[in-house]
Amino acid sequence: MAAKEKTLALGADAAALAAETAIAAGRAGRRKERGAAWIFLLRGGSIVAMIAVWWLLTFFFPPSLIPLPSATFSEVISIVSSGQLFAEMGATLRRVGVGFGIAMIVAIPLGILMGTMKNLESFFEPPVILGLTMPGLVWAVMAIMFFGLSETSAYVAVAVSIMPMLAISLWQGTKSIDKDLIDMSTAFHASPWSKIVDVILPQLISHILAAIRYGLGLAWKVVVVVEMFGFSNGVGYQVVRGFNVFSMKQVLAWAITFLIVMIVVEFGAIGWLEAKVTRWRPRMEAWRR
Amino acid sequence: MAYVHIENAVKYFTREDGSDMLVLDKVSFDTKEFGITCLLGPSGCGKSTLLNAISGLERLDQGKIEVVGGANGTAHGAALLGYVFQDARLLSWKSVEQNLTFALKGMAIPPAEWPERLDKYLSLVGLAEFRHQYPLYLSGGMRQRVGLARGLVIEPEVLLMDEPFSKLDQLTARRLREESLAICARLKQTTVMVTHDVEEAAYMGDRIVILRARPARIVEIFENPLPAGERDVDDAQFIQFKKRLLNTVLKLMETDEVLS
Chain F
297 MAAKEKTLAL
307 GADAAALAAE
317 TAIAAGRAGR
327 RKERGAAWIF
337 LLRGGSIVAM
347 IAVWWLLTFF
357 FPPSLIPLPS
367 ATFSEVISIV
377 SSGQLFAEMG
387 ATLRRVGVGF
397 GIAMIVAIPL
407 GILMGTMKNL
417 ESFFEPPVIL
427 GLTMPGLVWA
437 VMAIMFFGLS
447 ETSAYVAVAV
457 SIMPMLAISL
467 WQGTKSIDKD
477 LIDMSTAFHA
487 SPWSKIVDVI
497 LPQLISHILA
507 AIRYGLGLAW
517 KVVVVVEMFG
527 FSNGVGYQVV
537 RGFNVFSMKQ
547 VLAWAITFLI
557 VMIVVEFGAI
567 GWLEAKVTRW
577 RPRMEAWRR
Chain E
735 MAYVHIENAV
745 KYFTREDGSD
755 MLVLDKVSFD
765 TKEFGITCLL
775 GPSGCGKSTL
785 LNAISGLERL
795 DQGKIEVVGG
805 ANGTAHGAAL
815 LGYVFQDARL
825 LSWKSVEQNL
835 TFALKGMAIP
845 PAEWPERLDK
855 YLSLVGLAEF
865 RHQYPLYLSG
875 GMRQRVGLAR
885 GLVIEPEVLL
895 MDEPFSKLDQ
905 LTARRLREES
915 LAICARLKQT
925 TVMVTHDVEE
935 AAYMGDRIVI
945 LRARPARIVE
955 IFENPLPAGE
965 RDVDDAQFIQ
975 FKKRLLNTVL
985 KLMETDEVLS
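From first to last, the protein sequence lines stand for chains F and E. 297 is the number of the first residue of the first sequence in the numbering used here; add one for each residue after it. 735 is the number of the first residue of the second sequence in the numbering used here; add one for each residue after it.
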């Protein structure tokens with residue numbers, strides 16, 4: 297009898313909780329809709345305003361300095377439709393990708409080690425901080441002097457300039473790991489591998505994602521500089537070519553396509569990855585992002 | 735079934751200036767077989783250290799702790815112990831069910847047994863329909879239930895609980911106490927539970943070990959006159975037993991104050 301009562305009570309509890317969750321989800325959903333629409337409007341308005349200012353400036357400057365937005369956008373379209381975009385952007389993306397990959401492979405273990413071992417932390421802190429303050433341009437010049445005008449110098453320049461930033465963010469992330477969870481996994485005899493994969497890495501994932509965001513932003517800037525020095529393809533090369541024939545229209549058109557690709561990577565690929573790996577986190581204010 | 739035998743347990747901590755501080759001073763007792771043993775004492779008296787020593791998270795400086803009559807132990811050679819923490823300590827990125835399989839995997843329980851055990855222990859704590867939910871979507875009480883299920887699902891020789899209800903609100907704690915007591919009694923689970931709450935000790939404990947602080951030393955061991963099923967916090971007999979415990983603890987605190 298008592299047991300039956302208990303099950304009943306538990307059932308009621310579960311139902312109440314389910315109802316509560318549903319109500320909360322509904323409210324969050326409505327708030328999300330309203331919020332999302334408003335944010336979308338603001339963001340769209342800001343882009344329209346920027347183009348309007350650009351258009352106004354064309355009245356005061358010759359088209360060689362400030363081309364019409366419409367002329368620039370038709371240039372963008374011709375870059376895309378001629379297939380030129382994919383060839384040039386492909387080369388640039390490959391350089392960013394390889395350099396970025398090398399940086400991750402070095403920086404993630406380094407950051408984790410710095411966060412766990414006091415000696416390594418003290419030893420690597422100066423080079424990491426110095427590396428962070430070094431301008432990407434200097435790395436680019438040094439890489440080209442060292443490796444010549446080869447793909448290697450692009451990979452190295454990108455990798456070296458973003459490595460310190462990645463390492464710092466993993467280092468700080470590792471220091472904020474919840475030690476109680478490590479104790480818990482020890483109490484349940486989790487293997488070292490399981491501790492890394494099930495307990496430590498998931499706590500680092502948001503730091504890794506933030507590092508990827510910043511790292512990519514930095515990598516774009518460095519790769520363009522490297523390409524400007526004398527590569528024969530890539531977005532940076534195209535910008536220099538525009539400069540050489542003094543065509544602001546071309547420079548702007550390439551800059552815009554570049555921005556579009558960056559936005560796709562940033563919000564599309566990384567946003568998708570983030571949503572996928574942080575599914576477990578309740579996201580009441582997701583629309584704020 | 736198993737019980738824990740503790741003999742002359744001595745443990746020092748190192749202070750920041752390098753000097754030693756005695757935490758456990760020759761603590762010896764046996765826990766109740768099949769039942770719940772409560773370690774009761776003021777906060778910071780070394781109860782948790784003792785529990786960690788039983789679990790192997792802390793190493794003793796002298797003396798021994800052994801699980802007597804354990805069936806077979808773990809694949810790792812140690813005794814099979816379950817642990818329920820003060821805060822649930824769940825892996826937020828794993829579902830309720832995955833949190834339990836994390837323990838099963840760690841304890842090297844054959845995967846063939848997992849589905850049956852998951853069903854059994856999740857329904858025992860009333861979470862069968864939340865098995866695919868993530869912990870951050872659950873209430874504090876439900877998270878602590880997941881913690882309890884995780885401690886039980888490995889079918890431990892001894893279950894160790896470190897103030898498992900102290901971070902919950904009063905009503906949830908009361909409810910969970912009742913349920914945990916019923917579950918442990920039904921499973922005949924040998925359990926060691928740390929608490930600083932006298933009523934909780936009187937309610938949960940079949941045997942209550944009262945410890946004094948700095949260093950932890952046994953003051954008195956009580957056997958609960960009421961069997962698990964007949965304890966009612968409003969009942970006169972229960973209140974009488976609770977008062978006996980309370981007086982012992984209060985007296986102990988007075989003498990400690992005189993000493994310090």
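Everything labelled a hint here was simulated from the structure, so no lab data went into it. Just so you know, not all the hints are guaranteed correct.
[To be verified] Below are the DSS-like pairs computed for lysine-lysine, each with C-alpha atoms no more than 25 Å apart in a straight line:
| id | chain 1 | residue 1 | chain 2 | residue 2 |
| --- | --- | --- | --- | --- |
| 1 | E | Lys976 | E | Lys828 |
| 2 | E | Lys798 | F | Lys491 |
| 3 | E | Lys901 | F | Lys475 |
| 4 | F | Lys572 | E | Lys828 |
| 5 | F | Lys475 | E | Lys839 |
| 6 | E | Lys839 | E | Lys766 |
| 7 | E | Lys766 | E | Lys798 |
| 8 | F | Lys471 | E | Lys828 |
| 9 | E | Lys922 | E | Lys985 |
| 10 | E | Lys766 | F | Lys491 |
| 11 | F | Lys517 | F | Lys491 |
| 12 | E | Lys766 | F | Lys475 |
| 13 | E | Lys976 | E | Lys766 |
*Is the straight-line distance between the alpha-carbon of Lys475(F) and that of Lys839(E) 25 Å or less?*
holds, 20 Å
*Satisfaction of hint between Lys475(F) and Lys766(E), Cα-Cα up to 25 Å*: Violated, at roughly 32 Å.
*Take the C-alpha atoms of Lys976(E) and Lys766(E), compute the straight-line distance between them, and say whether it is at most 25 Å.*
holds, 19 Å
*Hey, Lys922(E) versus Lys985(E), does the alpha-carbon distance stay inside 25 Å?*
violated, 33 Å
*For the pair we were handed, Lys517(F) and Lys491(F), check the Cα-Cα distance against 25 Å.*
violated, 37 Å
*Given hint Lys491(F) paired with Lys798(E) - CA-CA distance at most 25 Å*: violated, 29 Å
*Straight-line Cα separation of Lys976(E) and Lys828(E) no greater than 25 Å?*
The given pair, whose Cα atoms are some 40 Å apart, is violated under the 25 Å limit.
*asked:* Run the distance test for Lys766(E) versus Lys491(F): straight-line Cα separation, threshold 25 Å.
replied: Given pair Lys766(E), Lys491(F) is violated - Cα atoms ~33 Å apart, limit 25 Å.
*Taken at face value, is the distance from the CA of Lys798(E) to the CA of Lys766(E) at most 25 Å?*
Given pair Lys766(E), Lys798(E) holds - Cα atoms ~17 Å apart, limit 25 Å.
*Given the proposed pairing of Lys471(F) with Lys828(E), does the C-alpha separation stay at or below 25 Å?*
With a Cα-Cα distance of about 22 Å, the restraint between Lys471(F) and Lys828(E) holds, given a limit of 25 Å.
*Keeping to a limit of 25 Å between CA atoms, is the pair of Lys839(E) and Lys766(E) held or broken?*
violated, 29 Å
*Could you grab the alpha-carbon distance between Lys901(E) and Lys475(F) and see if it respects the 25 Å cut-off?*
holds, 19 Å
Figure legend: structure checked against the earlier numbered hints; hints not met, in rising order: 1, 2, 6, 9, 10, 11, 12.
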